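Model the placement of chain B on the given structure of chain A, informed by the hints.
Chains as they are written, first to last, in our numbering: chain A, 1 to 332; chain B, 333 to 748.
Be aware that one or more of the hints could be misleading.
Covered, in the sense of this in silico footprint (three residues per stretch, anywhere, with C-beta under 8 angstroms from a C-beta of chain B), are these stretches of chain A [to be verified]:
#	region
1	35 to 41
2	232 to 242
3	288 to 297
Under the rule of at most 30 angstroms between Cα atoms (straight-line distance), these lysine-lysine pairs were calculated in the DSS-like manner [unchecked claim]:
#	chain 1	residue 1	chain 2	residue 2
4	B	Lys472	A	Lys83
5	B	Lys413	B	Lys472
6	B	Lys589	B	Lys505
7	B	Lys748	B	Lys505
8	A	Lys83	B	Lys458
9	A	Lys319	A	Lys208
Rather than coming from a laboratory, the hints here were simulated on the basis of the structure. What you are looking at is a predicted structure, and each value in this text was computed from that prediction instead of being measured. For each residue, glycine too, the CB sits at the ideal point set by N, CA and C.
Read off the chains here:
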Amino acid sequence: MMNGYRAYLPILPVAATYALLLGIGVVSPDHWQLIAQLAFYCALGQAFNLFMGMTGYVDFGYVAFLGIGTYGMAVSIYTLSDKGLGIGVVLIGLVLAAIFSLGLSLAVGAVALRLRGAYFAIATIGVNEGFRYLLEGARIWNGADGIIFSRHLRQGVGRQTAMALSTWWADILVFGVAFLAAVLTLVYMRNKVGYALLALREDEDAAKVMGINVTRYKIIAFITSAILAGLLGASAWALKLTYVYPSDVFAIHYTVEAIIIVLLGGAGTLLGPIFGALTYGAAKYFLAIVLPGFQLLIFAPVIIAIIVLFPDGTVGLLKKRLRDTPLGKFII
Amino acid sequence: MKTNRLSIGLLILTALLCGFPSLLPAAALKRIVIGHPEALSGQYAKAGEQAIGGIQAAVEWVNTVHGGVRIEGRQIPLDYKFYDCESRKESVTSLLERLITSDKVHFTMAPYSSGLTLAGAPVTEKYGMIYLNHGGASDKIFEQGFEYIVQTIGPGSQYHAGTLEMIRHLDPKAKRLALAYEDSEFARSVMDGAEAKAKQLGFQIVFKRTYPQAVADLTPLLSDLKASNPEIVLGGGHFQDGQLLNKQLADLKINVKLLSLIAAATLPAFGNALGPLAEGVMGPSHWEYGVTFSPEAAQKNELPWIGPEQDEFVNLFKKATGQELIPDYHAAEAAAAVLALVAAVEKAGSVDSDLVRKAFGELEFMSFYGTWKIDATGKQVGHDMVDVQWQQGERKIVWPLATKTADVVYPKPRFK
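The shape of chain B in the complex, shown without the other chains:
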């Protein structure tokens, strides 16, 4: 008897260690679950919080308005499960594995930032799980040969493509381009992309230099920049340095036809901090509240429309977060990733990773976030950035023409 009890005890212990779900028979597909180790604390907490709100809003739309994910005539509810990875790389791997093996999710989502996205990739590739990348903009992710990563955020190299096309459209004679940017992986990939695009469009790069992160004074760099006599300046990296760059350009009275700063100029705090100095300054953004993508626009472009319209999304987002908060692009792109997933699953008629990955490859659609299409490596190539410009203390969308909320002021007003 004693041995029996001991062996039963051991059995129970093993079962506990293995996790109970594995003892239960595989049930028919009742829910489709997306698992997500997202940064709710640590350095990416702000972006992570927005992303989760956006995803919850999209899931709510899928379940209530869309009626669930449609597979083989059935409508299956979509579920979302997230854990906090604390913006740390070790936590990403262990939480992803838990989501895949214990929680038995069907699809996984990467946390915000290129680094954390890369950290989880070996695990999702091992389990052959779709890994939706909503916040890793580095182009290098897609040069590694990963098979299951699908990107929704536009790659860094594309940030200024629209800006440069706009300048060509407005001022075919503009030629002299200067690049002054932060020495970070993100800014570098943006500016390398801008340089390639600029050369393609016939611009001449008259100045290209980086400055260190957390820089306190840009005067020496800007004096050299002034000497190169540029017409266009593209630059920035984060908020602090972008603001400093703008301010010191004004101090040194360096007037150019166009100034575009990544990250900084798209944030509300930028205008508050700089006041009149921000007038006419531009910045590329993945998405801005106010863009006018709509089912009609989709029809005009002969693309299917998926998901809520912008105002519907904003309401769902406020409901999900319980705050009077306007979503930023982190929320929009994460929501768009969910919409893309639903479209791909419906197209594949299955939750099998390989079939869904194949369907992703053939997918092209428009949502409130804009157009969506990936290349063979999983990199986003369909999404166009929008360009915003500060006009009378407000951010206006000025490019592409199809989504603009105001006309661009070009050349930008001179610093007074």
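Next comes chain A alone, as it looks inside the complex:
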């Protein structure tokens, strides 16, 4: 067991990366939306990794937590903007997003976390699709019509503030979520939760026999990861885009993107999702510009090649190579 501040040194490269990204965005505001998109992928990867990387469970319904978080913010702005709360509606939106995703994760976790492997993955796909159809079919929160709240946001906080919220502060919040996800991942890794999850990931039955309450630790990781996703949805999708349609937010390809990001970088590592997110996000963006329409054709084989060549992810490989060097203590 590592003690003291040395155990938390790996947060430095994370902080440095985010500071650099923010710095580039501030120096070159023309590229802010690109930076914001990269930050979104970083946050998505980090939040997803907290559960998938640490437990080995693949949650195919993960995007449902982002979706419900988006609704948390949307509902707050849509219904409370005329109550004179000003910027308070955004804070209430974040709280609602956290509460909604907490609720959904408890409901899902109670059922799905009893399953393992492929059964867990399939059950979670069902959750995402089922939840979307529940909203649409029962016409909860306007059903398929979605919530468009651009006008409400502007009325609540004023035109200039609304614009700043959508094009700047929403992205800063995304950075916040990404950093929070990294800190929580590291804290879990360095504490009992992390060791329990490590044991469970390697062999769940053996962990149980050794007296580890596996269900408890799985639920802790699941809920944390879900709340982070809820906050991410509330900032990157609701506050930034000011509308929500169920078909847009409960879209399974975001889960697939999260899986790719985590696998590219290395599941269960701290720096992996960041590396994966930056590579994936930047490559996608520039290919869309250089070869519009063909980027996915080129991208797919590259991803497959990377995953085959580096089964532990790029950071996973780096971690092994640098284990006994001075750099080793920064990379996990």
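For chain B alone, coordinates are given in the frame of chain A:
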């Protein structure tokens, strides 16, 4: 020396990060550029591909036939730059910003669909850029107070306005109207508009119900519909459900005077799939190959005519896409948006967003796509839909009278 090199290196790095164009002095206006993050992959790829072909055809016409955009006696070439947003909302914002800040485009165009159009709006509003909406039909976009969105596609609420007027024209006694449609934002806005228009024209809504997306059986709903004894049925949402609705109406022998299905009935595949069952079924469309808008028609309506005639457009479209492809309405409306832009810029005599936006407000014209006029919010109010009807296995334009290619068959033939 070392410090000097370091500072030069840092300078170059900053310059690279900021993007070189910003270091160059602002040049005189040599080209006018439209920037567009369009869906070339993902769920809207088909519509996006058509739109890009239509825009390229219109740009080609502006540069070769029209001689460029005419500002203050100069003729400035029009340029078009697009990226693939993969039908994803995050990509729309970052690509739009790149187009505005790095590529320095003068005007922006929204990707297909209401959702993606909304996704880009905060960015274009921030930069005060004209944002041409060619494929976002939701009326709600225009209730948000955006200042720079200009719509060319007709709003959803207007889809059945022409159909209902046609029925009034043909059969003033018809009264009993049923609405059976998909539970989607698009179908809902179409049917809410139809309901309002129907009430205004004195119809009685005897049935109104939605069915879920990807529905597999409509028999229970249609049995209830039959009990309400309607004369007219308006419905649909997408292709699959529209086809099912038609087929099961035939199975249950529910015969009405008119059946109009949004989206489905205007597609060629509809007739192929249903054969004789499609006979007499109608659908509203933004535009169809074969409509007869022409410079003469414009003159008759005392409107200026802008752009190529239909066949000229189709040829330009085929050249742009490199395929033997007949353009559909996605291509036509995107091309019409470009023509409107050129007219507005020429009217304003500038590329300044505010001046051009003001000129858009005063603009009214006809092109091969039909008439064009917006209200104060930027919503399209001048464009009339056309109604098509399946007759002997072919789609015929039957309404408005001015553009029809065949007479409407009313009441529609009974299901055999």
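Checked hints:
1. 35 to 41: holds (count 3)
2. 232 to 242: holds (count 5)
3. 288 to 297: holds (count 6)
4. B:Lys472 / A:Lys83: Distance ~22 angstroms between Lys472 (chain B) and Lys83 (chain A) Cα, so the pair holds.
5. B:Lys413 / B:Lys472: OK: Lys413 (chain B) and Lys472 (chain B) at ~28 angstroms, within 30 angstroms.
6. B:Lys589 / B:Lys505: Holds, at roughly 12 angstroms.
7. B:Lys748 / B:Lys505: holds, 26 angstroms
8. A:Lys83 / B:Lys458: holds, 26 angstroms
9. A:Lys319 / A:Lys208: holds, 29 angstroms
This entry satisfies every hint, going by the numbered hints stated previously.
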